[in-house]
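Undergrad: Let's have the full structure, built from the sequences with the hints guiding it.
Residue numbers (our numbering), protein chains in the order written: chain A, 5 to 385; chain B, 3 to 267.
Among these hints, one or two may not hold up.
Claimed, not checked - Heads up, simulated DSBU-like pairs for lysine-lysine below, C-alpha to C-alpha not over 30 Å straight-line:
hint: 1; chain 1: B; residue 1: Lys184; chain 2: B; residue 2: Lys226
hint: 2; chain 1: B; residue 1: Lys65; chain 2: A; residue 2: Lys209
hint: 3; chain 1: B; residue 1: Lys226; chain 2: A; residue 2: Lys248
Stated by the list, open to error - Distance ranges between label pairs, derived from CB positions:
hint: 4; chain 1: A; residue 1: Asp251; chain 2: B; residue 2: Asp116; range: 39 to 47 Å
hint: 5; chain 1: A; residue 1: Glu250; chain 2: B; residue 2: Asp159; range: 36 to 44 Å
hint: 6; chain 1: A; residue 1: Arg207; chain 2: B; residue 2: Ala41; range: 53 to 61 Å
hint: 7; chain 1: A; residue 1: Arg270; chain 2: B; residue 2: Gly152; range: 53 to 61 Å
hint: 8; chain 1: B; residue 1: Pro88; chain 2: A; residue 2: Glu52; range: 19 to 27 Å
hint: 9; chain 1: B; residue 1: Asp217; chain 2: A; residue 2: Trp142; range: 45 to 53 Å
Honestly, the hints are just simulated from the structure, not real lab data. Every residue, glycine too, gets a C-beta built ideally from N, C-alpha and C.
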Amino acid sequence: MSRSRTEGLLPPGDYYLSGNEAAAEGALAVGCDFYAGYPITPSSEIMERMAWRLPEVGGTFVQMEDEIGSLCAVIGAAWAGAKAMTATSGPGFSLMMEPLGYAVMTETPLVIMDVQRAGPCTGQATRVGAGDIMQARWGAHGDYQIIALSPWSVQEMFDMAVQAFNLAERFRVPVVLLAEEAVGHLRERITLPSEVTVIQRDRDKTRPPFGSEEPDGVPPMPAFGDGADLLVTGSTHDEWGFRKTEDPEVQRRLVTRLSRKILDHRAEICSVETYCMEDAQVMVVAYGFTARSALHAVRHLRGEGLEVGMMRLRTLWPFPEEAVARMGEGRARVLVPEMNLGQIQGEVQKAVDCPVEAYHQVNGEVIPPSVLLKWIRERSL
Amino acid sequence: MSRDMNAYLREEIQRTPFCPGCGHGILMGVLLRAIDEMALPMERVLFVSGIGCAAWIPSPHFKADTLHTIHGRAVAFATGAKLYNPELITLVVSGDGDLSSIGGNHLIHAARRDLDMTVLCANNMIYGMTGGQVASTTPEGAETTTTPGGNPERPFDLCRLVAAAGARYVARYGVVQPLLLKRAIQKGIRTRGFAFIEVLSPCPTQFGRRNRLRDPAETMKSLKARLISQRQAKSLTESERASRIVYGEFASEDSDDLEGRGRDA
Ligand code: SF4
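TA: Pasting the structure below:
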């Protein structure tokens, strides 16, 4: 299904927007109609835009008393039928971990935009970091899978906001748009399409809403008020939602399905891009803003005649292991620059046989192309 | 639960999970009778609860949409659902620890926002499910597993707290006053705006047995003896009032008639 970009949405064409503004517009374009959030730098522009834009498209906006309540309200709205989202940054993302686990357990589609700043703790609120990668994957307790996307441009803040909602609806899972401050506050040209693809959850109420019989592991999800007498709980539950807190088989089946419905669809979910990879001896694996600097360096080094290429990870979770393994085969070495002390590096190493070297920068600034140019050149000669 | 309320229960439900003598079973019955008399359209009724014994009153028993959430956040979940679909008749049913200790912030903010929902707080003055630890509602001096020498802290007056935060309707009754309680629940549901009803619901298992109220019948009798009206309270000195619990309405306005929430609405 696709949705024409009408009724209160920006007309198609070229715009000059910040990443945060573009993310809000992407959410609106795909039909987001509920926002609950709490102010936090550097994500607040998303909330501020939603505060005036949502009423224009007939949606609902509320500023909550904290980030825990924000995500809880998002989940409540999602079960009332909303395409719901919140946006935050490190400290707020930390507070959201318990309701995030609830959303995973109850298979609630929703989108969290985490515009990462330099942590830990309050850290440097206005500076950049990519320190929440593992938190997005493992932050809540228990075993689960989640989807996280990594945008590198203002255009992708829009495109991935659309994609995030579609993946959330398709798989009934929270999706994290793992942006970085540098992309959130970046201003550049963006082209808004005349149509975007829109996926809607199946609201069939005749089949169990937490069933395991669905061929792809994703059951239908009616809304409150649909007359489905929904029984929603974060406790271990059977296919109709009845608590089964002492049944080992129900626990095993549920936890396994929650993971499998994501892992079995990695080919459908995961997305990467490759640049200059023909006969490259050295493969740079980068994501987010860092990939911009890395690509600049790689193109320059190709001009110098060095056999170096790049893979950009658009999906971080589930990790695009297969693509990295396939592309990494036969290379002399893989280089992973990150704005953290090495979070994706280990995942890359698991996927490839050759040595992996990492460049870590945690000074609250983006890694400049000149730094990566030198670092990659030294490892490509 | 008497047979005539069976229509409101899921077919799979054979019994409640509450201890013998627990007040929550009475509250459950009173709530369903209140709803039955109002002839609420059940497909539009949403029950939201948190974590704890009282959170099990609606979930999984009631045959309606039920959202059993995480500890302390029921009101925040309800806020999202109600704001998105204002047609939902939203009832939060949870315990004192859940709503006022870990969840106190959401409670006062929902009252301030004046969301059109009714919050029933089953107050057993203790953490029952986790084994009888002190709560923000435990009376001074009461013995719990975490206050072996008696509770050194003062309890919240939940009604004053929520009324001060701006709730439209605030009332307190015990499960030993089922008719008054039923009327208050109905008034709360009819109130256009935030309604809060504190329901004193004794816990013989965790509170009673540590505080010389082991026998459920004794627990109920003692609660009944301690309850006094606001008018009675006025004629008592502060020290005489200290051991009593004042029941009644502490905020009330803006109720419309029963029809407004009935099947025709
Ligand atoms: S522990 Fe107390 S509150 Fe919980 S069910 Fe038993 S008597 Fe009721």
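Undergrad: Which of the stated hints cannot be reconciled with the structure, identified by number in ascending sequence?
TA: 3 and 6
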